[in-house]
Amino acid sequence: MEKLIDINNVNFKYNDGNYILSDINLIINRGEFVSLLGSNGSGKSTLSKLCNAMLMPTHGSVTVDGLNTIDNKEKYNIRCKVGLVQQNPDNQIVAATVEEDVAFGPENLQLSPEEIRKRVDDSLKSVGMYKYKDSSIYKLSGGEKQKVAISGIVAMQPECIILDEPTSMLDPKSRKDVLDTIIKLNKEQKIAIILVTHYMDEAVLADKVVMMDKGRILIQGTPKEVFSNVELLKEHKFTLPEVTELTEILRNNRCDLPRGIYDEDEFILSLKSIVGGRECL
Amino acid sequence: MSLIEIRNLSYIYSKDTNCPKTALSNINIDIYDNEIIGIIGHTGSGKSTLVQHFNGLLKPTSGGIYINGLDIWKNPKKIRDIRFKVGLVFQYPEYQIFEDTVYKDIAFGPCNMNLGPNEIQNRVIESIRMVGLPFSILDKSPFELSGGEKRKVAIAGVMAMKPNVIVLDEPTAGLDPLSRKNFIENLKTYHSREKNTIVIVSHNMEDIVEISDRVLVMNNGRVEMFDRTKDIFSNGDVLMRIGLDVPKITKIMFKLSNEGYRVKRDVFSVKDGAEEILNLFRCDGGLND
Chain A
454 MEKLIDINNV NFKYNDGNYI LSDINLIINR GEFVSLLGSN GSGKSTLSKL
504 CNAMLMPTHG SVTVDGLNTI DNKEKYNIRC KVGLVQQNPD NQIVAATVEE
554 DVAFGPENLQ LSPEEIRKRV DDSLKSVGMY KYKDSSIYKL SGGEKQKVAI
604 SGIVAMQPEC IILDEPTSML DPKSRKDVLD TIIKLNKEQK IAIILVTHYM
654 DEAVLADKVV MMDKGRILIQ GTPKEVFSNV ELLKEHKFTL PEVTELTEIL
704 RNNRCDLPRG IYDEDEFILS LKSIVGGREC L
Chain B
-15 MSLIEIRNLS YIYSKDTNCP KTALSNINID IYDNEIIGII GHTGSGKSTL
35 VQHFNGLLKP TSGGIYINGL DIWKNPKKIR DIRFKVGLVF QYPEYQIFED
85 TVYKDIAFGP CNMNLGPNEI QNRVIESIRM VGLPFSILDK SPFELSGGEK
135 RKVAIAGVMA MKPNVIVLDE PTAGLDPLSR KNFIENLKTY HSREKNTIVI
185 VSHNMEDIVE ISDRVLVMNN GRVEMFDRTK DIFSNGDVLM RIGLDVPKIT
235 KIMFKLSNEG YRVKRDVFSV KDGAEEILNL FRCDGGLND
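Quick mapping for you: the protein sequence lines, in order, are chains A and B. Mapping of the first sequence onto our numbering: position 188 corresponds to residue 641, and the numbering continues sequentially without gaps. Mapping of the second sequence onto our numbering: position 211 corresponds to residue 195, and the numbering continues sequentially without gaps.
Simulated crosslink set (DSS-like; lysine-lysine; CA at most 25 angstroms straight-line):
| # | chain 1 | residue 1 | chain 2 | residue 2 |
| --- | --- | --- | --- | --- |
| 1 | A | LYS690 | B | LYS172 |
| 2 | B | LYS235 | A | LYS725 |
| 3 | B | LYS43 | A | LYS592 |
| 4 | B | LYS5 | A | LYS586 |
| 5 | B | LYS255 | A | LYS725 |
| 6 | B | LYS232 | A | LYS637 |
| 7 | A | LYS626 | B | LYS165 |
| 8 | B | LYS232 | A | LYS690 |
| 9 | A | LYS687 | B | LYS172 |
| 10 | B | LYS5 | A | LYS584 |
| 11 | A | LYS626 | B | LYS5 |
| 12 | B | LYS165 | A | LYS667 |
| 13 | A | LYS528 | A | LYS643 |
| 14 | B | LYS165 | A | LYS629 |
| 15 | A | LYS629 | B | LYS232 |
| 16 | B | LYS232 | A | LYS626 |
| 17 | B | LYS179 | B | LYS165 |
| 18 | A | LYS528 | A | LYS502 |
| 19 | B | LYS255 | A | LYS677 |
| 20 | A | LYS667 | B | LYS124 |
| 21 | B | LYS239 | A | LYS677 |
| 22 | B | LYS255 | A | LYS690 |
| 23 | A | LYS725 | B | LYS248 |
| 24 | A | LYS661 | B | LYS232 |
| 25 | B | LYS124 | A | LYS466 |
| 26 | B | LYS235 | A | LYS626 |
Derived contacts from chain B toward chain A, CB cut-off under 10 angstroms, selection only:
| # | residue |
| --- | --- |
| 27 | SER130 |
| 28 | GLY131 |
| 29 | LEU223 |
| 30 | GLU259 |
For the record, the hints were derived by calculation from the structure and aren't laboratory data. This structure is a prediction, so every number in the text was calculated from the model and none was measured. We put the CB at the ideal spot given by N, CA and C, even for glycine.
This is chain A alone, in the form it adopts within the complex (with noise of 0.2 angstroms):
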């Protein structure tokens, strides 16, 4: 796999403060959906902004596609690969239509009017939200907004998506919507995904899972490692998936189930192999 961002022994500070992150070292690849976990003020959203070059490590360095964010020269150039959409839809408008909106970012490329068209138009597509082109965005719901907020980033054709928890402030089903947009441009458009989230159930989606705690990366790896450390997330009091919460209580119990599922269906399946043979008491 093609390296994209990487971030490599990464501390940071504010001014005179204490380290918010320490020894960061971790790699996004080209296309790759990674999920950040970690208790309030673990440091997941200042990763993030370093990704995009919204904060410079104090120490280390992070590129992007080869370019050092603290080259001053190349920030908009890496703020152009890598877009963020934040947790409130109402913080990140900035037009009174859901295409002027989305727009904003293509014009301020400097594109001709028929690229900015076309860019409009592909990425409101993309996102479900086309019918809305003419909408004013402030009658749309919390779940429409931030899919029109993910459609400004689309347009200026990202490599990468940084979300910081964009579901936190929606209902249950505008956040499956969100999500199932998420999915669609890391699978169709191979655009690679940061999400910050506290959902276990986000998380679990993604490729690579990077649990933070207390400003340092706790462990990271595909949701299955990461979710059969149980021992290791409890002392670290991280909350388990329900699923993987249930089959450790099972597992306690003597019940004969693999570790490290995480998926509703998965467990079906484990439980199923094992509830005729009676294999636990």
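Got chain A; can you put chain B on it based on the hints?
Coordinates of chain B only, in the frame set by chain A:
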């Protein structure tokens, strides 16, 4: 007698313009003393509009709201008294913080209630403990705090007024799972100590199940269901049809039950779910034929 009584309440935004929008139509509900009520509903279903009627921030377009049997709009000049009885914590309560220390911010409400200095101090300390923040935070500026901490300070500020009814609009959105769990636990403790009434709006079904005695389900400005928590979440199909969900563990039990396993469908905690599954092993085979 009910504590909050809502009769035929409707609310229309921008009523006298050419684009009026009906947010609530014909709501009839009763909330009793010492209950914990959960409110769920899709975005735009009218949850926040409804709770803003509880303390008279919005005036019904038609219909009425009665607290302890008294029509709160009978004498609009007295509406301020209602705000001491019913405390409201908005969405994004961190935006309500304005003082230069956490202490002063929490003390602002009690100060306006003309309480003595000792009482104010006790209330500040009690509320900061209730939201699970260390005392050392009291001297800090609220603006140095993290998002989650600010939210807790704002909630403590409302708790310190000890209202009979406390209404929380999405208090746990954006909190990490552990903070969320602790917050819900602390809220329960506060409830059993103060014997007050709590109304909590949330998109998180796990929180709602954990804390509510009864759940009000809103859909397109109307009451879809209002029943005991257990009965509401047994109606998984209805909830999903209107854009809501059941807790994840409940979903697993639904799936197992649909596969023919003899498990209860009204299971809302992982512990109870595990117990149900272990029972499968205890009785024969565990599969329905």
